[in-house]
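Got chain A sorted already, so can you dock chain B onto it with the hints?
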Amino acid sequence: MSVNVVIDPLTRIEGHLRVELEHANGVIAKAWSETTQFRGLEEIVKNRDPRDVWAFLQRICGVCTSVHAIASISAVENALGIVPPEQARRIRDIVLGAQEVQDHVIHFYHLHALDWVDVVSAASADPAEALEFARSIGSTWKGNTLERFTAVRDKVVEIAESGQLSIFTGGYWGHEAYKLPPAANLMAVSHYLDALEFQRSVIRIVTTFGGKNPHPNFLVGGMACSIDPNRSESINQVQLDQVQKWIDETLEFVNTCYVPDGLAILSVYGGPNRPDPASPDWFTIGATAPNFLALGRSGAIYSGDPAKANVDRDNDLHRDLVPGVVLDGELKLKAFDPRLLTESITSAWYTYADGKKQLHPSEGETSVKYTGPKPPYPPAAEGDFLADSKDGKYTWCKEPRYDGRAMQVGPAARVLSAYLQGDKDTVDLVNTAVEVLGIEPGQLNSTAGRTLARAVEAATAAKRLNETFAQFAEALKGGDIDVFDGSKWDPSTWPKDEVHGYSFVEVARGNLSHWVSIKGGKVTRYQAVVPTTWLASGRDPNGVAGPYEEALGGDSALAAIPWATPHPLIDPEQPVEVMRTIHSFDPCMSCAVHLLDPDGNELGVVTS
Amino acid sequence: MSYEVSGWQEPTLGENLARAGVKRRDFLKFCGGLAGVLAAGSQLNGGAAHAAPTAEQIAAVLEGQTKPILVWLQLQECTGCIESTLRSGGTTVEDIVLDLLSVNYVEAIMAPSGDAANQALDEANKEPHILVVNGSVPKDLDGAYCTIGGESAKRVLEKSAKNAVAVLAVGACAVWGGVQASRAPGAGPNGPTNAVGVDQIIKNKPVINIGGCPPIGEVITATCAYLLTHAKADGSLKLPELDAEGRPRFAYDQRIHDSCPRRAHYDAGQFVKTFDDAAARNGWCLYEVGCKGPSTFSACPVIQWNMHTSWPIGAGHPCIGCTEKNFFDEFTPFYSTLPDVHGFGIEASAERVGWTVAGIAVAGVAAHATLTAVRHAASRKAAAEAPLDAFGDSKVWLPDPTVKDAAAGEPEPAAEPEPAAGPGPVEPEAGPPAAEEPEPVEAPSPPPWLASEPADGEPEDTETTDPSGKAE
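Residue numbers (our numbering), protein chains in the order written: chain A, 1 to 608; chain B, 1001 to 1472.
For reference, chain A alone in the conformation it holds in the complex (with noise of 0.2 Å):
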């Protein structure tokens, strides 16, 4: 059996996926993700100013905006020496937690709840029915009211009516996999309006300090937004009193709306206790090989010395939380050692000197050489996939590993870790999905688990970003107000010798690394390591699958893990439950390659 399914485009992601999958019988036997674009920026920001790269690096995304360039202003500062004042560590922590909570949002309402939700079937609903299911699920948000309920019902028969369906066309409407009763599905599709009025409105917390969004500025030292009580000029009082109120209004969106959405949609699909017994268990579907990594909870940045065991903390304002790794589903936190990390390229388009197999960070290296066929690529009729190549490569992301292991980084990773480390907030939500799902906590490595520890995972962060505010906003009120430590500024203050940095960060979609080395006022090498590429690798040099391929198709993940079952997918021309898998790990593809080595000079070589 070969490659029978082909999904191209894999939407609502950002960025390019093609899946590649043998399927038989109802389930996916074996998967392949491929990654469909690349563009270089690594290569690009090679030979130029240090303290400018991070706008290049901030547009690797534009819906993980802002993450990028914090990690690489915090790699450039850590090989530089350079201290950032403490009120804008606060500034960035802010930026970074409204980014996360906003990021979530944005992915669960409108990127995900598609793959639930039958949009149509909101059309048959009584609005007084969808107020009830509402209240039954304790979601308290201000917007379940009949005359919201009413009106988004009418919109939805007038779209469906018109037979113009919109963003809607060609959704897989009727799908048996489709679970919620019509009342259901219209409460989320008026939740999944007003999320998009509350994204469009917390923003604005990022905007404050950055100037604009997507793509804030910011500044190696420090921030450029200056902070003063006394002037009309710096951020004051009006500021922090708007800050606030949106800070107020996310508290209130995730708690109110978001969280219980999230649970009562989850336990309509998964779970001992869900309505239709005979339906899939989605909390035993899509297990990766239950290998995780988190440096922290969400937001949390970490620096040091590429040659040492042990990461720096002085960077990082959540230091209650120690960084991690789960390895061969023991359910106990080990110590983590940036030594390990590996990056190879077996079923990538590149090529490293010397036939190495697998490189550092630290030492990276990505030469193009791209064998795939000549585009256009075949549909699932004709045969010769990417998967079939005779090379073994068929995708532009890299296979990043630990320890030779494939680690599923994000929420689920940074939960789980959480929870072993008796994070009060974090026990206590997980321990009450838990028991409202008849789950257990390993199950947060599955597709609903994935899209559970999110919520929790928003809940959390929120509630961290209200405390880092009030702790800035206290600071500030004392009378500290410097946001930047120009003393390394000039690069006659840099060493002479090439110097090294990087920075762990811990962003929406889970760990980013950013690793950069520095001679003569110029960057000499520049790498990333993302989440998607840790997420969404193809086979390594011994054939171990990554993330994605393993949830969709592996075998490892159902040999390893009892309750796991094999991935269903009922009709190839409608992949709706694939969909729910890949988006419960929040693709970006665009994060996941971006690369290319300061050393890549044989740029662009084509063999094929």
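Hint data in this document are derived by calculation from the structure and do not stem from the laboratory. Careful: at least some of the hints might be erroneous.
What the hints assert, rightly or not - Just a few of them, taken from the derived set where beta-carbon distance is under 7 Å, the chain A residues facing chain B: (1) E233; (2) S234; (3) K374.
As the list claims (entries may be wrong) - Computed cross-link-like contacts, BS3-like style, restricted to lysine-lysine with a CA-CA straight-line distance of at most 30 Å: (4) K369(A) to K1139(B); (5) K374(A) to K1273(B); (6) K1126(B) to K155(A); (7) K1154(B) to K369(A); (8) K1203(B) to K1126(B); (9) K1273(B) to K488(A); (10) K1126(B) to K522(A); (11) K374(A) to K1159(B); (12) K496(A) to K1273(B); (13) K1067(B) to K369(A); (14) K374(A) to K1154(B); (15) K1139(B) to K374(A); (16) K477(A) to K1126(B); (17) K374(A) to K1203(B); (18) K519(A) to K1273(B); (19) K1067(B) to K155(A); (20) K1154(B) to K390(A); (21) K1238(B) to K1067(B); (22) K390(A) to K1139(B).
Remember, it's a predicted structure, so these values are computed and weren't measured experimentally. Each residue gets a CB set at the ideal place from its N, CA and C atoms; glycine is no exception.
Chain B alone, transformed into the frame defined by chain A:
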């Protein structure tokens, strides 16, 4: 900001046109113009065998539509332009998706994947539609650097452009290639993947360039709303007035420097010397820490960002010039003052540098053999009306021209053979722009401030104050 959709009150386009008093004969004439465009399109694509739809066929399809169709392509990109659109507080993304248009293809938020998504695209492509594109087109590796549905970004774009009645290139990547088209060791002029903008591929119809990395969300959605709410007397599509770069004048007719609330500090010689100094806390001018506002055309200071919350200079960071072509190369190092910026070695003042950038851009456009009709009009008009009035001030406020030696080998930008004016008033009035007969390229005559002696001859010391010292 809000927009009244005055042009679309009846259920179908046919009824709307009837309501507006548009005669069917005139409508068919418009559709005949479209048919001409479409025929030209198929010719360009080498498809002489393609039967271009007749005016009658187009009219039949258009009249039956209750909402205009919009196709949004994401090519080689970061999705920042889509995120910016989601943030628009003017015409919102809900308005666009649910009320104003039928957005039948947009990967980021559409329901289906794979075959069903491709089918939605194919069917939308068959009908007249508005095409919005963000992201660049990588030309190397036969397009393997970016494929969608198995096809190269170039092919995807060409197919969707064929029946498009308007093409919007949204964001730096779609306008000129963006960050991936920037300089890299060993790579060609368009970056490691040879990434280019939409109007380097689609040359037979007007492309509206919405510059910015990303553009302001309100500007993106307002451009869509403009197309829906502004119609000519005969009911045909009316494009917004465009500048010489193809950008809508309603958002790009002013230099940031000229609308900047900190301009008074520039004129008074009050500059931030280092970030977070006393001058910074007082909101003084960021020119000396690298602000590119003097060379950047955008309504950022007017519209601001995220529902008028703030904007880059307002939050203390210099403008990096993201609405201008090649800003990642032309405007770096970002924290160097403009005259030190690569390519401007001997330029003496913000004023002159600003105009030189505009001049280069227009010269580049003029040199290009296949201009759109609109771009023709833009260049001609801009040259005809020297827009000195856009600058208001005399030379008194010019900063000290700390003249640097021109780096060896660097071209003097103003010496380009076909310099032209900046973005002066442009009115693509005559007929449906797309259907207009292309006219031969005219080399605009150099505007007086480029041809005559620049301000170098009369340097003035504007460092009359010490901002840092006086601020506290």
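If you draw a straight line from the CA of K369(A) to the CA of K1139(B), is it 30 Å or shorter? At roughly 16 Å apart (the allowed maximum being 30 Å), K1139(B) and K369(A) satisfy the hint.
With 7 Å as the cut and Cβ atoms as the points, is E233(A) at the interface with chain B? Holds, about 3 Å.
Holds or violated: K519(A) to K1273(B), with C-alpha atoms at most 30 Å apart: Given that 30 Å is the threshold and the Cα spacing comes to 26 Å, the pair holds.
Closest C-beta approach of K374(A) to chain B relative to 7 Å, hint status: Interface hint status for K374(A): holds (5 Å vs cutoff 7 Å).
Check whether the Cα positions of K1126(B) and K522(A) lie no farther apart than 30 Å. 50 Å, violated
Agreement of K390(A) and K1139(B) with the hint, judged by alpha carbon distance not exceeding 30 Å: Satisfied, since the Cα-Cα distance of roughly 25 Å is no more than 30 Å.
Could you check if S234(A) really has its C-beta closer than 7 Å to a C-beta on chain B? 5 Å, holds
Does the alpha-carbon distance linking K374(A) and K1159(B) stay inside the 30 Å limit? 18 Å, holds
Are the Cα positions of K1238(B) and K1067(B) separated by 30 Å at most? 17 Å, holds
Is the Cα-Cα distance between K374(A) and K1154(B) 30 Å or less? 13 Å, holds
Does K390(A) sit within 30 Å of K1154(B), going by the straight-line distance between their CA atoms? Since the Cα atoms of K1154(B) and K390(A) sit roughly 27 Å apart, the hinted pair holds (cutoff 30 Å).
Restraint check for K1067(B) with K155(A), where alpha carbons must lie at most 30 Å apart: Within the cut-off at roughly 15 Å; holds.
Of the hints listed earlier, those the structure fails to meet are numbers 5, 10, 13, 16, in rising order.
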